[in-house]
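S.K.: Given next are the chains, with one letter for each unit.
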Amino acid sequence: MGYRRVAVTGLGAVSALGHNVPEFWESLKAGRSGIGPLEHVDRTKLRFQNGAEVRNFNPQAHFDAKRADMLDRFAQFAVVAAREAVADAGIAWTPELRERTCIVTGTSIGGEAAQDQGFFELYRENRNRVHPLTVPRVMPNAGSSHISMEFGITGPVYTISTACSSSNHSIGQAFWMVRSGLVDAAIAGGTEAPLTFGHLKAWEALRVVSLTTCRPFSKNRDGMILGEGGAMIVLEPLELAVARGIHIYAEIVGLGMSADAFHLTQPSPEGASRAVRSALKDGEVPPDQVGYINAHGTATLVNDTMETSVIRRVFGDHAERLAVSSTKSMHGHALGGAGALEAVATVLALHHGILPPTANFTEPDPACNLDVIPNQARQAQVEYALSHSFAFGGLNAVLAFRRWGN
Amino acid sequence: MPDDVTERIISVIAKATKKDVALITPEAKFEQLGMDSLDGLTVVSALEEEFNVSIPNEEAVRIRDVRQAVDSLKKLMAESAGGTAPSSTG
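The listed protein sequences correspond, in order, to chains A and B.
First residue of the first sequence? That's 1 in the working numbering, and the numbers climb one at a time after it.
First residue of the second sequence? That's 1001 in the working numbering, and the numbers climb one at a time after it.
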């Protein structure tokens, strides 16, 4: 049986740039960063002060009080993004389609806020019990479970946790299931809500968070900025999407995965390069037709130099003609939700023929001498685009998308 | 003879990296001891705990050998004793 082509027909996003995709895209086009002082924690006890928070997110605006109480913040983001993506795709659910739809969601840490709250009450307030919903709130698969119940989806539903590659692994698995004919629709993506005091302290101890802002590929970059939120996308067979006349944002054509087997936190250019090459091979993508890469681009000293060498290594001379940007400069690093936000950015870049910039860029770095689209979005109709994710633990996942012709 | 601060630092490094204290000389470089970046972070955190100081990021990245650890700690302790509290915002 041959592979089916797969279309992206629905998008949903919650991030520091807004609670929906139109707000997300407006900010990306304008090069406007959502990074600012962290408002939900006591900053006086933190070395770093800034983050990319989802501001003014009121659960009651999206869920009745009882339902909101069952959902940790990361799962609320998952359901809100899935609702937007499904409505966007205009899917008319039937019992058959519900059985033949998969959901794959990514998260690095799951219900951190619920866990933090429960342990605070136990250890600090000397209570002898935690909330009985702590376990279902904390479980990393809460996002996919709540989405399945929201729409009555009964096909393959699961969650992948591979740190900062969680979303790309998830979208990739869903893509392969649609492509192989195992399912006829997919909701895939990832979300994260990591901005609890305990988790921020864990990042502080790693000393990779910027004291200022996220400046990917800039010589004066000094680390990442943590973010929250995430995104979901709807995938379906291209033929089906065309038949029902729904808008097609792009085709998803390839997934490449690899492991470094090298170091827990130091990336390896060999491992990352293999993931990029695998994605190109899986999607039968001619390397010289890749026009845009949404980079992992964390703005740590090590990542951006390594990623530049990966792009040069894989693309050779074509690296000179490739546009590369890190939208983390605007939506921050949402860990397990990052790849999904970046997939939406990449798909919209292909769809609109506008490449989002690397914001906060102030000083070229000879070690990152690529066309990084500094600060200003650019009009460019590119044929293929990639989205990179290289995770702690040395786990890499790269997605390849293709422009859908008008 | 190593002074008290040096001896305490060596003992902290040995404990944090699960190494025999006899292997860690005042001249030792972390790389020679087989320590990577994560070991370095673990040592810096253990030193903060032992000496009750906050080591800013720009100081932390310089600590790649025992001698620099001693110099940095002495400087930070002098600053905090002189009334210049270590910055909590690094």
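These aren't lab readings, by the way, just hints derived from the structure by calculation.
Just so you know, even glycine gets a beta-carbon here, dropped at the ideal spot from N, CA and C.
Be a bit skeptical, because a hint or two may be false.
Where chain B lies over chain A, by a calculated footprint (3+ residues, C-beta under 8 Å) [what the hints assert, rightly or not]:
id : stretch
1  : 79-89
2  : 284-293
With a Cα cut of at most 16 Å, we get these calculated EDC-like pairs of lysine to aspartate or glutamate [unchecked claim]:
id : chain 1 : residue 1 : chain 2 : residue 2
3  : A       : K201      : B       : D1036
4  : A       : K201      : B       : E1049
5  : A       : K219      : A       : E363
6  : B       : K1018     : B       : D1003
7  : B       : K1015     : B       : E1050
8  : B       : K1074     : B       : E1049
9  : A       : K45       : B       : E1048
10 : B       : K1074     : B       : D1020
11 : B       : K1019     : B       : E1031
S.K.: Give a verdict on every hint.
M.R.: Hint check:
Counting residues of the stretch 79-89 of chain A whose CB lies closer than 8 Å to any CB of chain B gives 0, so the stated coverage by that chain is violated, three being the minimum. Coverage of a stretch by a chain is defined here by at least three residues with a beta carbon nearer than 8 Å to that chain's beta carbons; for the stretch 284-293 of chain A and chain B the count is 0, and the condition is violated. Among the hinted pairs, K201 (chain A) with D1036 (chain B) is inconsistent with the structure: their alpha-carbon atoms are about 21 Å apart, more than 16 Å. Of the supplied pair hints, the one linking K201 (chain A) and E1049 (chain B) holds, its CA atoms being roughly 15 Å apart against a limit of 16 Å.
Taking the CA atoms of K219 (chain A) and E363 (chain A), the gap is about 5 Å. The hint holds against a cut of 16 Å. About 22 Å separates the Cα atoms of K1018 (chain B) and D1003 (chain B), which puts this hinted pair outside 16 Å; it is violated. Between K1015 (chain B) and E1050 (chain B) the CA atoms are separated by roughly 11 Å; this keeps the pair inside 16 Å, and the hint holds. Taking the CA atoms of K1074 (chain B) and E1049 (chain B), the gap is near 15 Å; set against the 16 Å cutoff, the hint holds.
Distance restraint check for K45 (chain A) and E1048 (chain B): the Cα-Cα separation of roughly 15 Å lies within the 16 Å cut-off, and the hinted pair is therefore satisfied. Between the alpha carbons of K1074 (chain B) and D1020 (chain B) the distance comes to roughly 24 Å, so the proposed pair goes past 16 Å and is violated. With a CA separation close to 14 Å, the supplied pair K1019 (chain B) and E1031 (chain B) stays within the 16 Å bound.
Hints 1, 2, 3, 6, 10 from the list above are not met by this structure, while the remaining hints are.
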